[in-house]
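A.B. asks: What follows is each chain in one-letter form.
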Amino acid sequence: MTDKLTKTGAAVAEPVESGKNAPSDAFLDVRDLKIHFPTDDGLVKSVDGLSFQLEKGKTLGIVGESGSGKSVTSLGIMGLHTVGQYGRQKARISGEIWLNGRELLSADPDEVRKMRGQEMAMIFQDPLSAMHPYYTVGHQIVEAYRVHHPVDKKTARKRAVELLDRVGIPEPAKRFDNYPHEFSGGMRQRAMIAMALVNNPSLLIADEPTTALDVTVQAQILDLMRDLQKEFGSAVVIITHDLGVVAELADDILVMYGGRCVERGPAESVFYEPQHPYTWGLLGSMPRIDRDQTERLIPVKGNPPSLINIPSGCAFNPRCPYADVPKGGITRTQRPELAPAGDRHFSACHMPQEERTRIWTEEIAPKL
Amino acid sequence: MEPLLKVTGLKKHFPIKKGLLQRQTGAVKAVDGIDFEVLPGETLGVVGESGCGKSTMGRLITRLLEPTGGTVEFQGTDISHLGVGGMRPFRRDIQMIFQDPYGSLNPRHTVGTIVSAPFKLQGVEPEGGVKKEVQRLLGLVGLNPEHYNRYPHEFSGGQRQRIGIARALALKPKLVVADEPVSALDVSIQAQVVNLLDDLQQELGLTYVIIAHDLSVIRHVSDRIAVMYLGKIVELADRKSLYENPMHPYTRALMSAVPIPDPRRRGAKSDRILLTGDVPSPIAPPPGCRFNTRCWKATDVCRTDEPPLVELRPGQRVACHHPENAESLTIPAARQSVEITKAPEPLAKETASEKETPAAPQTPAEKETPAEPEASGPAAAEDDAPKA
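Protein chains in written order, with my numbering: chain A, 1 to 368; chain B, 1 to 388.
So here's chain A without its partners, still in its complex pose (with noise of 0.2 Å):
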């Protein structure tokens, strides 16, 4: 394990026991994906036993609050959980990830840093610094292309130019020798999709690619996005706090707690049946620009956990308005574990269906 960590820096540490079950039908496929990193204070459970498919084509929204394990997901995806100089940040990753009939976390991470970029490439949060800012904006494109494709500086500098054209950057040939600080925040995000498109990679992950950016330029990230997710057909995941982001793209909502997945099922039937007290916080939370609403908000009350000491059974349970309504003799400790609740969606709560959903049309729809 030591000596292929060190050839290529990535920890794609301690495959316990993949490999062992068929591989999938999904085109990206994680099964009980466990990220878990050890500090002094104790083990940081970021990702605790999370599992979701997804098509090509289709885009899936993860949604949470910071610390659920988004972000740590997503670089787990990619294999970029580095080793720290002295090994000391390792993580300990467990669990299958199935990326077109392959698994990853198996691999030989020589063999996933092929795969990265070329088959599956990331757009990070904030543009300025995932750039090298001594290099310019269409030789860091450029060198994208150039580790996969074995072609000569000019060919990749006309598909540098090309995608900087079609990410709608004005003048691309004058542009592709701008350094990264020469670019307003939205046209950086563009170059950064660029970037990631470069190689077509049939998975693309966005980490909160609009978050950085002003309204007005979202707007045409987001319309971007869309766009080239038709034309390229690749498989998206999007990962955001906003709902109103998530709304506006996703197929399927993911809702993350605590490291797992609380609510999972197709946009709609999320955002107009939730199945989970959590997903109701949030639409709770939430400002709605749409109406003219002005009575309290009804936030989640209490703070999110700590990862170190996630509460034992369901993590949102110390929150949880209706944790005391009787559950047929489960107790706080007992962990809810993902089940059906209607047509490809899944939560995970101790209350009963039937109870869920009077709940919801009843006590919370209404003053939404």
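Among these hints, one or two may not hold up.
In silico DSSO-like pairs for lysine-lysine, Cα to Cα no more than 30 Å straight-line [claimed, not checked]: (1) A:Lys301 to B:Lys6; (2) A:Lys174 to B:Lys18; (3) B:Lys11 to B:Lys297; (4) A:Lys301 to B:Lys172; (5) B:Lys132 to B:Lys120; (6) B:Lys240 to B:Lys297; (7) A:Lys367 to B:Lys240; (8) B:Lys120 to B:Lys174; (9) A:Lys158 to A:Lys56; (10) A:Lys230 to A:Lys58; (11) B:Lys174 to B:Lys6; (12) B:Lys297 to A:Lys301; (13) A:Lys367 to A:Lys301; (14) B:Lys132 to A:Lys301; (15) B:Lys120 to B:Lys131; (16) A:Lys114 to A:Lys90; (17) A:Lys174 to A:Lys153; (18) B:Lys11 to B:Lys174.
Example chain A residues on the side facing chain B (calculated, C-beta under 8 Å, incomplete) [unchecked claim]: (19) Asp223; (20) Met286; (21) Ile310.
Because the hints were derived from the structure by calculation, they are not lab data.
Predicted model only: the values in this text are computed from it and were never measured.
Heads up, the beta-carbon is just placed ideally off N, CA and C, and yes, glycines get one too.
Please arrange chain B on chain A, whose structure you already have, making use of the hints.
C.D. replies: Chain B in isolation, oriented as in the chain A frame:
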């Protein structure tokens, strides 16, 4: 009603100095002539994109910055150029809540010290002693009064923001200016703080100026809203008119850009207005209406004459030559002024706007000098004639 705060022609230009002698070569016109009033008990929301000058405006009315021009009157007293000592009595009445709950609290001071600092600085001895008052304040903002001796790092982001609020409320201010009070917080915590601000306003009769970039939050908290663009207020109206009948094209574009958290409305993309390009540099704002480089309605008038902020509907002030939703105007004078400026024949208008859009993305190149009108000369010349 007497306004609590009255701002007239407020300006703040930050000088740009270059060379050995540090001569001033230009200025960032962060705030460039704005007027508004804040009535007692109301909440004025200020929205705009980054760089529009909303935070500078907040720092000017709290007098953390000295204005370059114009006046700030608080309860009838001009405070725009008061010194440190002159400002001190007013500091009790005007308080600020900052955006970053990490940067705005001294990490080496306990919560007790932080919240009691205003008493010390103002020489106020609250009833029942400082400690008791601080604990009451902590309770008021929803913190445990026993956490008096803890340090800021022991609190989460939302709790720290509450500490900041407790500190701002310590001296029972009349006006609280909150600069992005919730943008650093998670959704669920954001809602808690919004509710808290709401409760405190009702309990203590506070007046708020809330600066934020999030239009949903602003819609939720404000009574009246000012929309800023490049150092100017482009529209100032009550919440209902602004959100239901925006009159400035920029307001409309801004609102249509916000993603609606409703997957069934995804098809309604058609009424979204996508603005091209970026906000021009405040060092050399475009002549005429500042929005003309990105506006789909811009005509020659917009490129030469700056539209004044006029009341087009009762309670709705707009700075635009060609306002939206203008059919139902009730104020005759306003209608007249709109019609007059609408005069140029529609044909020329369309060609002009088409020409303008592709040129727009060039503007962000920051080096563009005041020579800009000449640079766009050829396009203007074809529309024949203002110069000739």
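A.B. asks: Output the indices of the hints that this structure fails to meet, ascending.
C.D. replies: 1, 12, 21
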